[in-house]
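Those protein sequences? They're chains V and S, same order as listed. Going by my numbering, the first sequence opens with residue 1, and the numbers climb by one from there. Going by my numbering, the second sequence opens with residue 202, and the numbers climb by one from there.
If you are wondering where the hints come from, they were derived from the structure by calculation, not from laboratory data. We put the beta carbon where it would ideally sit given N, CA and C, even for glycine. No false leads were mixed into what you were given.
Label pairs and their computed distance ranges (CB to CB):
1) S:Lys233 to V:His131: 49 to 59 Å
2) S:Ala416 to V:Glu44: 46 to 56 Å
3) V:Gly112 to S:Ser223: 44 to 54 Å
Straight line, CA to CA, 20 Å or less: simulated DMTMM-like cross-link-like pairs of lysine to aspartate or glutamate:
4) V:Lys198 to S:Asp248
5) V:Lys78 to S:Asp270
6) V:Lys67 to V:Glu102
7) V:Lys16 to S:Asp270
Chain by chain, the residues:
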Amino acid sequence: MSGYVFLFDLDATITKAEILPEIAVKIDKQQEMRDLTERTMTGEIPFDHSFLERVKLLSEIPVSTVKEIIDKVPLNEKLVDFIRENHERCYIVTGNLDVWIEDLMKKLGMEGHYFCSKAEVKDDRIVSVDHVVDKGEVIASFAGQPFVAVGDGNNDAQMIAAAEVGIGFGGVREIAPAVLKCATHATYSEDRLCQFLKQLL
Amino acid sequence: MSVSKTIVISCAGMGTRLGIGSTKALIDIDGKPLIIRQLELLKDFDDIRIVVGYQMEKVIEVVNSYRKDILFVFNHNYRNTGTGGSFSLAIKHAADMVVSLDGDLLVHPEDLMRVLNSDKECVCGGIPCTEDPMLMKTLTQNGQIYGVGFSREEGEYEWTGLAQVKTSRLTPGDRHVCDMLVPLLPLPMELIRTKEIDTMSDYEHAVAWVRSGYAD
Numbered sequence: 001m002s003g004y005v006f007l008f009d010l011d012a013t014i015t016k017a018e019i020l021p022e023i024a025v026k027i028d029k030q031q032e033m034r035d036l037t038e039r040t041m042t043g044e045i046p047f048d049h050s051f052l053e054r055v056k057l058l059s060e061i062p063v064s065t066v067k068e069i070i071d072k073v074p075l076n077e078k079l080v081d082f083i084r085e086n087h088e089r090c091y092i093v094t095g096n097l098d099v100w101i102e103d104l105m106k107k108l109g110m111e112g113h114y115f116c117s118k119a120e121v122k123d124d125r126i127v128s129v130d131h132v133v134d135k136g137e138v139i140a141s142f143a144g145q146p147f148v149a150v151g152d153g154n155n156d157a158q159m160i161a162a163a164e165v166g167i168g169f170g171g172v173r174e175i176a177p178a179v180l181k182c183a184t185h186a187t188y189s190e191d192r193l194c195q196f197l198k199q200l201l
Numbered sequence: 202m203s204v205s206k207t208i209v210i211s212c213a214g215m216g217t218r219l220g221i222g223s224t225k226a227l228i229d230i231d232g233k234p235l236i237i238r239q240l241e242l243l244k245d246f247d248d249i250r251i252v253v254g255y256q257m258e259k260v261i262e263v264v265n266s267y268r269k270d271i272l273f274v275f276n277h278n279y280r281n282t283g284t285g286g287s288f289s290l291a292i293k294h295a296a297d298m299v300v301s302l303d304g305d306l307l308v309h310p311e312d313l314m315r316v317l318n319s320d321k322e323c324v325c326g327g328i329p330c331t332e333d334p335m336l337m338k339t340l341t342q343n344g345q346i347y348g349v350g351f352s353r354e355e356g357e358y359e360w361t362g363l364a365q366v367k368t369s370r371l372t373p374g375d376r377h378v379c380d381m382l383v384p385l386l387p388l389p390m391e392l393i394r395t396k397e398i399d400t401m402s403d404y405e406h407a408v409a410w411v412r413s414g415y416a417d
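For reference, chain S alone in the conformation it holds in the complex (with noise of 0.2 Å):
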């Protein structure tokens, strides 16, 4: 890895979908939070920022007592903005190429691993598999995939929240993520397993998934 990067994590959102009482973040898969999840995969990266919000000073105790070198980034407004305003907070003086992954995402460990080691550009999808999934609209050219739009009707696959761009080319915006990467449509498109969880189903499938070993 030559280029310099910062890996943001948007753990501000409340979660309310799941009616857990805590934010996402915190949830314990199979035993530890999944914060600490995302983090245990990160120790080679130096720049990680985590944005906060909702239970703000929960999350900085969990994420402190684990790792004490985290810039933490504060969505004031986050009952208001949605993960793009989280994410434009904190790319705010980042290094030349920038990560977005969701607090509420769990990657499988070699898929997350391989995006990061690598220092191209990309967004990465997944097979769809939530109740009403953020769809991208794709094309391949010469075996490579390029994500070309988001969409709720039509995509083959499901955009996940994980991407990474050069910093320099994102505007900042308080929607979503995806709305911020629209500009910089077509990017090459990695596929990568996940699940995310925002309702009780979808908690129950990622601890079967982590208790399995990330077996499909």
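Just chain V, same shape as in the assembly (with noise of 0.2 Å):
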């Protein structure tokens, strides 16, 4: 057995599709939220700054919708089987809102391994998000400890760069540039992720 412990991004690495464009459709806000999404993903504006951003778009949805509409987001079902069955080793690593994702991690078997950005809520809104998740301090907190780290965006680079085996992700979309120029691997299909994920066991 390898010992390296797994950490994962979420959107467009576990999800089929980024979470929260998805919540923008129902609120008609989806073009706002594509074009600071996309600008993110590619490092033109600071992660923390356009999630802000971001969140304050889709503050005015009940965090409780928020869930339902997350609850139904499609997963890459054979990456959710190795992170069930290898629970222990793994970690998520997202930039997403604890309010919002609790009910997914629970889904993973997640729960108690996962970091994640943080959100104050009075009377089923967000008032607040008090804590940007920063994928650089998480990886600190494996100090010492070989990690493999999975993931597609510009945001995800750091946690790949810093990993033994640092793998950029590119099955629900383009790997960002700064992914591709710090990884140790990439591939475009599930299937062969998962095939080497096994293999990094």
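Assembly of the complex is requested from the two constituent chains, each provided in isolation within its own frame, with the hints serving as guidance.
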């Protein structure tokens, strides 16, 4: 056994779609959301800033409704199987908000195994974002522990660069150039990703 | 085939001698990029790793347009390492048996399949035909030829870059694949027909070879 732990991005890595744009569709703000998401993924706008903007855009939707939408976002099921089968060694590292994704994390068997941004909720509405995840800080907490990282976006690059095995996954959307520059591996197929992850166990 | 097998295609190099401004794996061989001609022969294999470096985005794009279930391995240091550097990155966490195939090598389909469908270790030699060949010293025992060394000066056969060995026996290195194979010698040699593409004249020969249906 390799002893690696496995860190996964959530949006467009485990999910088959970006979560925030899926929510934006509900309130007809997909264009604004798409623009912000694109510019974040390419590194044009810093992740923190863009994330707060995107949350603001969605803050009029009740948290319970967001959870229902997230519950319906399709998942890369084979990757989900890998995570469930190896849940003790797997962690999710996502910029997404705790109050939105907690049910999804339960569904993945990842309770206590995820790092995310945190928000305060009153009367089913987000009133403030108290913490935006810093993926660099998260990997620092794994100091000395060799890990595998899987992701696709600009904000995954730091985690992928620090990994022993850093994998760009382009099965849902194109892999960000910053990830291609520092990854050790890349694949565009979920089957191939899962085969390699099993070889890394 | 009973053992699990990883096939490594090294496409990280720059192909400077050819002077075509693209990595050699992308060179058009009678209507198709060389890398696609190689992949067409590998359709029954599920663990294919393509090492990319120079023009990585372009190689990835061309490969993806043909087949998605490929694992790309990045050799970010391709300017300073040889094929051994690329091969060493790709054999980490590989299957029991690993095959090394250079991205600038055209192998006769029958010969490639003979090697790939076997579970035995081998190094593959050809009749010397390139300008500055790396030669293989050999000895013959009970009708089987064995590769016993690599040399610029002497040897009957030319080292082709194609080899199949047990992954666990390899020690990583950053020079050439043949340097990594030296500690494993002697290894049975398979005689194969190939065209390596280093120069424009090699390229023309390779195209003519494919057009003629790989006639000698």
